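Numbering (full-length UniProt numbering), first residue to last: 1 to 379.
Calculated directly from the structure, the hints in this document are not laboratory data. Among the clues, some could well be false.
[To be verified] Only pairs whose alpha carbons sit at most 25 Å apart, straight line, appear in this in silico SDA-like list of lysine to any residue:
{"id": "1", "residue 1": "K309", "residue 2": "P370"}
{"id": "2", "residue 1": "K309", "residue 2": "N257"}
{"id": "3", "residue 1": "K309", "residue 2": "P273"}
{"id": "4", "residue 1": "K209", "residue 2": "P275"}
{"id": "5", "residue 1": "K209", "residue 2": "E278"}
{"id": "6", "residue 1": "K209", "residue 2": "V39"}
{"id": "7", "residue 1": "K209", "residue 2": "D252"}
{"id": "8", "residue 1": "K309", "residue 2": "Q344"}
{"id": "9", "residue 1": "K209", "residue 2": "G271"}
{"id": "10", "residue 1": "K309", "residue 2": "N294"}
{"id": "11", "residue 1": "K209", "residue 2": "V269"}
{"id": "12", "residue 1": "K309", "residue 2": "N224"}
{"id": "13", "residue 1": "K309", "residue 2": "D252"}
{"id": "14", "residue 1": "K209", "residue 2": "P327"}
{"id": "15", "residue 1": "K209", "residue 2": "Y199"}
{"id": "16", "residue 1": "K309", "residue 2": "P327"}
{"id": "17", "residue 1": "K209", "residue 2": "N257"}
{"id": "18", "residue 1": "K309", "residue 2": "G271"}
{"id": "19", "residue 1": "K209", "residue 2": "D264"}
{"id": "20", "residue 1": "K309", "residue 2": "N354"}
{"id": "21", "residue 1": "K309", "residue 2": "P275"}
{"id": "22", "residue 1": "K209", "residue 2": "N224"}
{"id": "23", "residue 1": "K209", "residue 2": "I339"}
{"id": "24", "residue 1": "K309", "residue 2": "P328"}
{"id": "25", "residue 1": "K209", "residue 2": "G247"}
{"id": "26", "residue 1": "K309", "residue 2": "M326"}
{"id": "27", "residue 1": "K209", "residue 2": "P273"}
{"id": "28", "residue 1": "K309", "residue 2": "M254"}
{"id": "29", "residue 1": "K209", "residue 2": "M187"}
{"id": "30", "residue 1": "K309", "residue 2": "I339"}
{"id": "31", "residue 1": "K209", "residue 2": "G262"}
{"id": "32", "residue 1": "K209", "residue 2": "A324"}
{"id": "33", "residue 1": "K309", "residue 2": "G338"}
{"id": "34", "residue 1": "K209", "residue 2": "P198"}
{"id": "35", "residue 1": "K209", "residue 2": "E170"}
[What the hints assert, rightly or not] Computed beta-carbon distance windows for the label pairs:
{"id": "36", "residue 1": "A67", "residue 2": "R165", "range": "48 to 58 Å"}
{"id": "37", "residue 1": "H186", "residue 2": "T372", "range": "24 to 34 Å"}
{"id": "38", "residue 1": "A249", "residue 2": "S203", "range": "31 to 41 Å"}
{"id": "39", "residue 1": "T35", "residue 2": "A131", "range": "23 to 33 Å"}
{"id": "40", "residue 1": "M161", "residue 2": "P327", "range": "47 to 57 Å"}
Bear in mind that the values here come from a model prediction, so they are computed numbers and not experimental data. Built from N, CA and C at the ideal position, the CB exists for glycine as well.
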Amino acid sequence: MKRSHIDRIFRAIGYAVSMFLFIMAWSTVDATYATPASVRPVIAAFSALPLLAIRSNPFIGWAISAAGALMIPLVYPPTDFPWQMVQVVTLVALLVAVTIRCRLSAVMLAWLSTCVLLSAFGQTGVGFAGAITVIVLIGLLIRGLLASRRQLADQRRTNDMERARRAVLEERARIARDLHDVIAHHMSIVVVQAQSAPYRLTSVTQETKEELEAIGANVRASLNDIRSLLGVLRSDDETSELSPQHGIAELDDMIENWRRAGMDVSLEVSGPPPPTAEMCSVSLYRIVQESLANVARHAPGSPVTVTMKHGRYSTAVSVHNGPAAMPPSGETSSGGSGIAGMRQRAAAIGGSLNASTLPDGGFEIQAHIPATMPMTPGT
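The task is simple: from the sequences and hints, build the whole structure.
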């Protein structure tokens, strides 16, 4: 049910209760006050109708009710009890509403004024003042409980919004990661092919060399543009990994693609591969892929050795390359998608990755990847 419908229902109930109390007060005024018949509806109105303000402005309603409770007994001395029961019920109900909904300063003013008002009419009033104090304390307790519920509801909404935001960021990070791993990988192969073609092919004319250089320059510029766009998509605190497409079963095909592009790369595998979780297999593939792409960017023409040692519960992989045999491609940094991204991949599944420059000018990536995902609390 919509909130507007609920508000209309409560408003109608408030009107009905107020009119019922007004009729009761009007019909019983003569039991409390000796008044002319023409004054009775006015007294009944002061006794019951302030309740209409209990939802919109309870403090104003309480003030009107308290003023009536003070003035009516002074103008028309009561025959026995100082007030009509309808007037007491209305005053107490409005005081409770003030206690729950208004500022604490208004609560203190309403409480003290009501106690003084009731105490001013004798011993019975003193007893009522004590009861009013208890009612105010109960109202303050309800106020605290409602405030706690609102805080919990606000916290739940905040958590839901944060989960939604994290889901968007993680999906953006996944898209950026896969775009980098797939598109940048193949474009790097194109750069290597264009750069190495004059060395691999015979009878290459000067015009063809210039054309190949232009192709390589255009692809490098495209790579830089792609990495700039990926930097917008990636989040600094990405923590999720959704499965990309390839695993260690496709390593041979990937390395063969680099060989066809002119890279001198060899693969050495020792030991049977352990049963490997899909996420771990994907991480191994991506680490090797990114390492070879880094070699193509920063050390073109250098020989590369990929070593993979399978253990019972983990796999150690290293990618070693010598110094560059030709000038680097001149591409800019990958903006966090290179070594930092590989290190994040390894850490996310309980592994580790180290990168180091070798004395001969070469470079080496060493990674240790578990065969299964680590257990997390609650799993």
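Results of checking the hints against the structure:
{"no.": "1", "hint": "K309 with P370", "in the structure": "holds (12 Å)"}
{"no.": "2", "hint": "K309 with N257", "in the structure": "holds (22 Å)"}
{"no.": "3", "hint": "K309 with P273", "in the structure": "holds (8 Å)"}
{"no.": "4", "hint": "K209 with P275", "in the structure": "violated (48 Å)"}
{"no.": "5", "hint": "K209 with E278", "in the structure": "violated (43 Å)"}
{"no.": "6", "hint": "K209 with V39", "in the structure": "violated (110 Å)"}
{"no.": "7", "hint": "K209 with D252", "in the structure": "violated (30 Å)"}
{"no.": "8", "hint": "K309 with Q344", "in the structure": "holds (21 Å)"}
{"no.": "9", "hint": "K209 with G271", "in the structure": "violated (44 Å)"}
{"no.": "10", "hint": "K309 with N294", "in the structure": "holds (22 Å)"}
{"no.": "11", "hint": "K209 with V269", "in the structure": "violated (37 Å)"}
{"no.": "12", "hint": "K309 with N224", "in the structure": "violated (34 Å)"}
{"no.": "13", "hint": "K309 with D252", "in the structure": "holds (15 Å)"}
{"no.": "14", "hint": "K209 with P327", "in the structure": "holds (16 Å)"}
{"no.": "15", "hint": "K209 with Y199", "in the structure": "holds (10 Å)"}
{"no.": "16", "hint": "K309 with P327", "in the structure": "violated (32 Å)"}
{"no.": "17", "hint": "K209 with N257", "in the structure": "holds (22 Å)"}
{"no.": "18", "hint": "K309 with G271", "in the structure": "holds (6 Å)"}
{"no.": "19", "hint": "K209 with D264", "in the structure": "holds (21 Å)"}
{"no.": "20", "hint": "K309 with N354", "in the structure": "holds (16 Å)"}
{"no.": "21", "hint": "K309 with P275", "in the structure": "holds (14 Å)"}
{"no.": "22", "hint": "K209 with N224", "in the structure": "holds (23 Å)"}
{"no.": "23", "hint": "K209 with I339", "in the structure": "violated (32 Å)"}
{"no.": "24", "hint": "K309 with P328", "in the structure": "violated (30 Å)"}
{"no.": "25", "hint": "K209 with G247", "in the structure": "violated (36 Å)"}
{"no.": "26", "hint": "K309 with M326", "in the structure": "violated (30 Å)"}
{"no.": "27", "hint": "K209 with P273", "in the structure": "violated (44 Å)"}
{"no.": "28", "hint": "K309 with M254", "in the structure": "holds (18 Å)"}
{"no.": "29", "hint": "K209 with M187", "in the structure": "holds (19 Å)"}
{"no.": "30", "hint": "K309 with I339", "in the structure": "holds (21 Å)"}
{"no.": "31", "hint": "K209 with G262", "in the structure": "holds (16 Å)"}
{"no.": "32", "hint": "K209 with A324", "in the structure": "holds (20 Å)"}
{"no.": "33", "hint": "K309 with G338", "in the structure": "holds (23 Å)"}
{"no.": "34", "hint": "K209 with P198", "in the structure": "holds (6 Å)"}
{"no.": "35", "hint": "K209 with E170", "in the structure": "violated (43 Å)"}
{"no.": "36", "hint": "A67 with R165: 48 to 58 Å", "in the structure": "holds (52 Å)"}
{"no.": "37", "hint": "H186 with T372: 24 to 34 Å", "in the structure": "holds (30 Å)"}
{"no.": "38", "hint": "A249 with S203: 31 to 41 Å", "in the structure": "holds (39 Å)"}
{"no.": "39", "hint": "T35 with A131: 23 to 33 Å", "in the structure": "holds (27 Å)"}
{"no.": "40", "hint": "M161 with P327: 47 to 57 Å", "in the structure": "holds (50 Å)"}
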